[in-house]
Amino acid sequence: MKALRIMAFGWYFQFKAISRSPFEGLFQIIWPLFFATVAFLMFRAGTDPKTLLYASLGAAVMGMWSATSTTAGGAMQRERWHGTLEALVASPPHFSLILLPITLAMSTIGIYCLVATLLFGRFVFGIDLTVEHKVAFGVSIVGTVLSFGALGFLFAVSFVRFRAAWALGNLFEYPVWLIGGFLVPLVLLPDWVRPISWVLAPTWGMNAIRESALGGTPWPDLALCLALGVAYVTLGVLALDRVLGAARKRATLSLT
Amino acid sequence: MSVVEAIDLHRTYRTSTGTIRRKWIDVEAVRGVSFAIEKGELFGLLGPNGAGKTTTIKMLITLLIPTSGTAKVLGHDVVKDAREVRKRIGYVFGGERGVYERLSGYDNLRYFAELYGVPPGEQKQRIASLLELVGLTGREQERTEGYSRGMKQRLHVARGLLHDPPVVFLDEPTIGLDPVGARELRATIASLVDAGKTVLLTTHYMFEADALCDRIAVINKGEIVAHGTPAQLKQNVAEGAVVEVEIFGIPEGTVERVRELPGVNAVSVEEREQAQVLIVQTPADIELTHAILGRLDGANVGRVSRREPTLEDAYVALVSSGE
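Chains as they are written, first to last, in the working numbering: chain L, 15 to 270; chain E, 4 to 326.
If you're looking for bench data, these hints aren't it; they were derived computationally from the structure.
Even for Gly, the Cβ is constructed at its ideal location relative to N, Cα and C.
Just a few of them, taken from the derived set where beta-carbon distance is under 8 Å, the chain L residues facing chain E:
#, residue
1, Lys-30
2, Ala-101
3, Ile-112
Isolated chain L (complex conformation):
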C-alpha cells in the first residue's frame, strides 16, 4: 500500500514537473503531426475508409512511442543536471519505486500525442474516427501507455549507470516504428525480424489498439502487451540494485 502511494504520488509529481513547460508541451503535440501527415498522404490512395483509420492509429502510436523513448533518457539526464538524482537515490524507498513513476509519467505524455494526431486526422484529413469497441479501445490505450512506461523503465535503468545512455532512446525510436508494425504490417517485414517484434510490447499494444478500433479482438494482444510490460519491470528491478551498486562504486551518480 505504501509502495503504491509512493508510486502514485511520484507519477503525479513527475507528470506535473514535465507538463509545466508550455514549449515542450506544444512540441509533443506538433511533432507527431508530421508523422501523421506522412502516414495520411501514404495511405489515402487506398479505397477502404478503414485504411486511413489504420494509418491514423499507427501515426498516433508512433508519436506516443517517440515521446516515451526520447524523453525517458532526457528525464534521467535532467535529474542529473538538476542534481536531484543523488537526492532520489539517497532516499529510503527501493529506487524502482521512484524510477518507474518517472517513466510512466513520460509515457502518459504520449497520450497528448495520440489525441493530437487523431484530432488532426479528423479535422484536416476528414478521417472517420468511428471506434468499434470503445471500452476496449480505452483499455488498450491505458495498457499500451503502461507497457511503454515499463520499457522506458528498462532503458532508464541503464541511464542511471551510463550517462550517455540517453542516446539509446533516440537509437530505438525509428526502428521500433518499423519493427512494431506501426505503419507497415509485420507480414511485409523479413522473417528474422519477427522474433524481435514479438518481444516488443509496442507491437502488441499497437495491435490491441487497432483491433479494438477496427472491430477485432484486442484482448490477447493486450494481455501479451501487459505481460511483456511486467517482464520489463521485473528485469529492470533485478538489474537496478546491481546498476546502482556499480554507480555508487564508480561515483557516477553526481556526474552530469
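Guided by the hints, dock chain E onto chain L, whose structure is given.
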C-alpha cells in the same frame, strides 16, 4: 555506541586521460579517515577544497561505496544496511542544485515527504513548521527557479529535516550565501543540536567551525591531520606569531621564497580589495619581518604588522604543513 563511526575509510576514484591511448589514473580522495561522533554532538569536518570532505560525507550517506574501511550510522553499516541508514539520516548539500526548478518549494517538499515516509496526516503541518524554521513561509507556492541561491539552500535544509532524522549531515551548507543569510543558517544549524540531533558539518570556513562545532577534525589531502575541540586546535599555534605584509601586486614565487626562510611555519596569501596580504606564521621568539621583506623582490609594500595567532592560523598551518 557512537552515533556515527568511520573506521579507516579509503576512497579511490578512477579517472582517465587521453582519447585514443587512454591511460587510467587512480586518485586517492580519502586515505584512512577515522572518527566517531557522539549523540547530540556537532562535529565539524574542516578542510580546503578537494580535501575529501564531500567524498567522506557521501560515503556516510550511502551515495558512495568506500574502497576500503567501514562506517556505521546508529549501528547500521553504510554499505550493507544502506536502506536503514537512509531512513535515519537527513542531509543537506550546499549549492543551488538538487531541487525541481519547475515546481514550487511546497511541491518539492511534498514529494520528498512522501519518499521519506512522513505520514500523510502530518505532512502539511510538518512542511509548514519547516518553512517557518528556514524563513520561506509565504514563498512556498512560487516555482523554485525564481528562488535566490540562499532560498534554495534553505529549502535544502527543510528537505533534509522533513522526516525529523536523529542524524543530520550538512555539506558546506553556507557556501555562497551572503553574510546575513549565512548567519541565519548557522543559527538554524545551532538549533538542530539544541533539538537533540547529532550533526556532521563540513565547511572550509574556520570561523563557522569555531562558532558551531563541539569538536573539529581537520582534513587535508584525504587524511585527518588534526582533531580536537576548537580550543585544543588553537593551542597548537598559541606559542607562535603571525606577520602580515600588505603587498600591491605580489610577485610570482614569493610564497615559495618566503616559505624557504628558516623558522617559517606556514605561508598563505589573502586577497583584500586591491592588495594581497601575505600571512606568515613564525615561532614567537624569532623576529623574521626583515627577512620576509627581503624576499619580496622589490614589490610595492603597504602595512606590515605582527599579531597573535587565531584559529584560522591554526587551520592554515595544518593544511599547509603537507605542501
